[in-house]
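Protein chains: 2
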Amino acid sequence: MRQNTLLSTTLREAPADAEVISHQWMLRAGFIRQLAAGIYTYLPLGWRVLRKVEQIVREEMDRAGAQEMLMPAMQPTELWKESGRYAVYGPELIRLHDRHEREFALGPTHEEVITKLVSGEISSYRRLPVTLYQIQTKFRDERRPRFGLLRGREFLMKDAYSFDADWAGLDQTYWKMYDAYQRIFNRCALKYRPVEADAGAIGGEGGTHEFMALADIGEDTIAVCPHCEYAANIEKAVAGAVAGTGTGIGIGTGTVPQTPGSLTVEQEDLAQEQEKIHTPGIRTIDQLVQALGVEANEIIKTLIYTADGQAIAVLVRGDHEVNEIKVKNVLSVENLEIANAEVVAKATGAPVGFVGPVGLTIPVFMDRGVADMSRGIAGANEQDYHIRNVQPKRDLSLEHIGDFRNVVEGDICPRCEEGSLQFYRGIEVGHVFKLGTKYSEKLGARFLDASGSEQVMIMGCYGIGVSRILSAIVEQNQDEQGIIWPMALAPFQVHVIPVSLKDEIQMKTAEELYQRLVDCGIEVLLDDRDERPGVKFKDSDLIGIPIRIVVGKHAAEGNVEFKERARAEQKIMKLEDAFSCVVELVKASRVQKSL
Amino acid sequence: MRQNTLLSTTLREAPADAEVISHQWMLRAGFIRQLAAGIYTYLPLGWRVLRKVEQIVREEMDRAGAQEMLMPAMQPTELWKESGRYAVYGPELIRLHDRHEREFALGPTHEEVITKLVSGEISSYRRLPVTLYQIQTKFRDERRPRFGLLRGREFLMKDAYSFDADWAGLDQTYWKMYDAYQRIFNRCALKYRPVEADAGAIGGEGGTHEFMALADIGEDTIAVCPHCEYAANIEKAVAGAVAGTGTGIGIGTGTVPQTPGSLTVEQEDLAQEQEKIHTPGIRTIDQLVQALGVEANEIIKTLIYTADGQAIAVLVRGDHEVNEIKVKNVLSVENLEIANAEVVAKATGAPVGFVGPVGLTIPVFMDRGVADMSRGIAGANEQDYHIRNVQPKRDLSLEHIGDFRNVVEGDICPRCEEGSLQFYRGIEVGHVFKLGTKYSEKLGARFLDASGSEQVMIMGCYGIGVSRILSAIVEQNQDEQGIIWPMALAPFQVHVIPVSLKDEIQMKTAEELYQRLVDCGIEVLLDDRDERPGVKFKDSDLIGIPIRIVVGKHAAEGNVEFKERARAEQKIMKLEDAFSCVVELVKASRVQKSL
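Residue numbers (the UniProt record's numbering), protein chains in the order written: chain A, 1 to 595; chain B, 1 to 595.
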């Protein structure tokens, strides 16, 4: 391809609203352009990268035995009502009416459509299992589209859906997809971690993994054990050791979990009385720490929530955060929201900031970290007062103890119980999920088993954010000059730059090299623009093609300058050697593909 | 691919609303499924064919120097207001609002988006010309979606847009695209004709061609000269010879076009007086023909229209039909509608059915066919009366004479003036169009020319109905048993069918053959279903894979049955020979690709 007519203008500056580096570089290097908030055009350079990701995804899906197809973007909302998602999906679901006033949704995912379809196509166990996928534009009206392709409203996604005859079958399919995902992200040269994620009410233990590209700007926090292979989204991660297994939840059983001896409540402590203290205007943990000269971990934080309309209290240590997903899962509720002042006052008699667990009549859910405290400071349920020496074991209901907090860095790994968890930020680029019968039950995807009795299909779903991978790759592969594309995804593999269009030898050498490389099936961008060399080199670094061959003043002696974008050194070498180096490097990347 | 788990169920019958054969076969053979009116899912078989069409389109677009990219489906309607299409596009444009009540349209085409984009990227003549394309899902809320993929509301389209510095450049680009289209449709093995089409107010002569796949169910009529290369959509086709050149239009000039001597009005005719005749309840041409015992071509048909609000009359011969597009173009109006009874009465004083040209005070547009009549019967502008012996040259205003009718079969070709036009039905699968400055003017796509002065870019647009091609191909390639895919588009190239799953030799032979062909890069469907042979053969004919190899009772002697779907004969041959035949046939189709 000749750069002069390539529709790709490099920009000196990125617009002010491009907050993250991948967004800035992709705009500046001419890969994407914004049409509206969260809605982007892929210019030829960006589209070439996207096609490469798409192709890798396709090859690995096919290799895993999945079948490609294409479902419509416009989905009748009747289907969404049937699945029950119509009511809960909220404004992210883009709705529209056709000329006959029939309502449609623009598909953010396709569980409903595929389940309905398969229910009409498959009726016997002999046709199972089957995994179907598509690579398609999806629509999601994000409240805050941002970070370029990372959180868009219209984006390219690979979504796959599996149908198995039983759970054991789903398990096999699930790990087959998991493996395919690893191959895909490896081939994309992405630095990533598969992490355990929250599966909500369905899926069960190990029922879902997210594939997280590691990047500081990631919107997810993941907890990783450096000692074993444990890695989990903070939504899901649990702390080990200190609080016992961290998974057995004592809710509703009335039993008090065993606590390690080192932290048991001592006898003399039990003798200490509660003491009401005057804390005028002191509402937050920070203020308490300041005012009383204590540590945050000596405070019991009490939060009032409404859980499907009912007021409850959740207690965590002052230095911990409530993990609402864990609370929701234990309660099996749809909606969990922090209560407003009115609800708080009604439930506790106190204004926000002075709420405490002592004497509460609403259900109290106590994190293990609180149960393990010998004593603590809590709100007094009275304006401007707190209480010292609240002893959970003595003063509070121990009926609902469990894991209700986010892990913090340094928590013990729940798997090996040796390593201390470390935190990373991640961009979710893939997600595998055991759906079970959630959709097949509601949309009637049934089949007859070998004995002729009717069963519900067991489903899984598997997503990859195809366009999002571009952002993740750029976040991980860039420097102060621009993008550094890995060979497998680069829009072109080689950038041939003649320094002077007026120099006949340079142009002839460049043109011949260009043609020779193209004839070998190598993708080459030839900078045939009438620009100053400085501009050309700057643009070249910005665009980030892996290999650059400059045909300049040494061309007269048959030499060119060879440089890899990822390396600093630039070598002057014989044209022939440069050609061989290119072929070698491109070939190496192809070997990786077939592994 | 193994057929047992292929998501493709064959159906005994097509739904009653599948009116055309391509729709029926594609449903029955398991290529597509309807999700809503005009909205289809492509099952794996259908998707494979679609991908092949897509790939052919992509290769030929790239070969023609066009650059692939991807624009969003969601377009801010501000852009449509800027171009002026928002008001005129009507309910086919699907509109929606995002969560902030901003209005978007789902792109039916992308002239606005691309023009705006290019206006921001290109500012110098040195970066022109450039042609950009995308292969993308489009949305159009058809009033009557029907015929399966032929008239859908969500469909796959290739749309390309070119930007040139001048009209000569556009001309070059236009014909380059025209050639690419021919290669594409040839490679798809489509029987088609490029035809001249109406370009409306812009584009000028030769400014647009449609590529019509020939099929009886086509919604377009095309007029073709068997003597020369002339072919035109009936919207555009003109008749030659009889009415002179057929292109010079005498509107507003007051000149009477020359008419060939053989048809001039003779002197004695001029002496014949108009004669009012009583025709109670006789309103239509057919009724007049019946009641008066005349031929339709002896009648002058008078139609009253409102043209942008103004009443006008159009006269054509009784056996001709008004071509409203021609009238619209001559008048340069946006809206042309047949007038309602009220308007007719006001303009002519007569009820519908008795309107005639004599004495009319509104502008009268006379088709040449009428001007060439020596005399005719027309309405008398009075209830239940007509007039005989209306002599256009004597009795009517000749101010606006032109070509205002559809050609009819047998009309003389306007190009060679020798052949008689023949009619065919066609499915529009492609369209190339000179847009000129329509969008670049309004959306500000300007550049500086070599002398530094600002110019408006000259645009062209080029569409291909990718999904529609499937229907066209099936219409042209099917028999009573099902579809007959051409090799280039077939979902699989070879269908290997072991007759009995229980026969070890058959299964071993079939599996080995399957693997060997797959290893050669050939696409094979292996029917590993536990079905009766009759069912397998029937499904095979229905699906229409070009080559079928049945591994049956002859397998023990190392023989298989070889059959091409397009041929009746079935040969028993050595396995090795069958293998060679397949390789040969597949190779032949690949040679065609590189031509």
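Check before you lean on any hint, since a few could be wrong.
Identical copies go unnamed one by one, so any copy, or any two together, can satisfy a pair.
Calculated cross-link-like contacts (lysine to aspartate or glutamate; reagent style DMTMM-like; alpha-carbon spacing at most 25 Å) [as the list claims (entries may be wrong)]: (1) Lys587 x Asp62; (2) Lys571 x Glu273; (3) Lys502 x Asp395; (4) Lys538 x Glu121; (5) Lys508 x Asp179.
Derived by calculation from the structure, the hints in this document are not laboratory data.
Tested hints:
Taking identical chains as interchangeable, the C-alpha atoms of lysine 587 and aspartate 62 lie at most 25 Å apart whether they share a chain (23 Å) or sit on different chains (24 Å). For the homomeric pair lysine 571 and glutamate 273, neither the shortest alpha-carbon distance inside one copy (78 Å) nor that between copies (100 Å) is at most 25 Å. Taking CA atoms no more than 25 Å apart as the test, lysine 502 paired with aspartate 395 passes in neither setting, with 88 Å inside one copy and 74 Å between copies. With identical chains, the CA atoms of lysine 538 and glutamate 121 are at most 25 Å apart between copies only, with a shortest distance of 18 Å across copies and 56 Å within one.
For a Cα distance limit of 25 Å, the shortest separation of lysine 508 from aspartate 179 qualifies neither inside one copy, at 48 Å, nor across copies, at 30 Å.
Violation of the numbered hints given earlier is confined to hints 2, 3 and 5; the remaining hints are satisfied by the structure.
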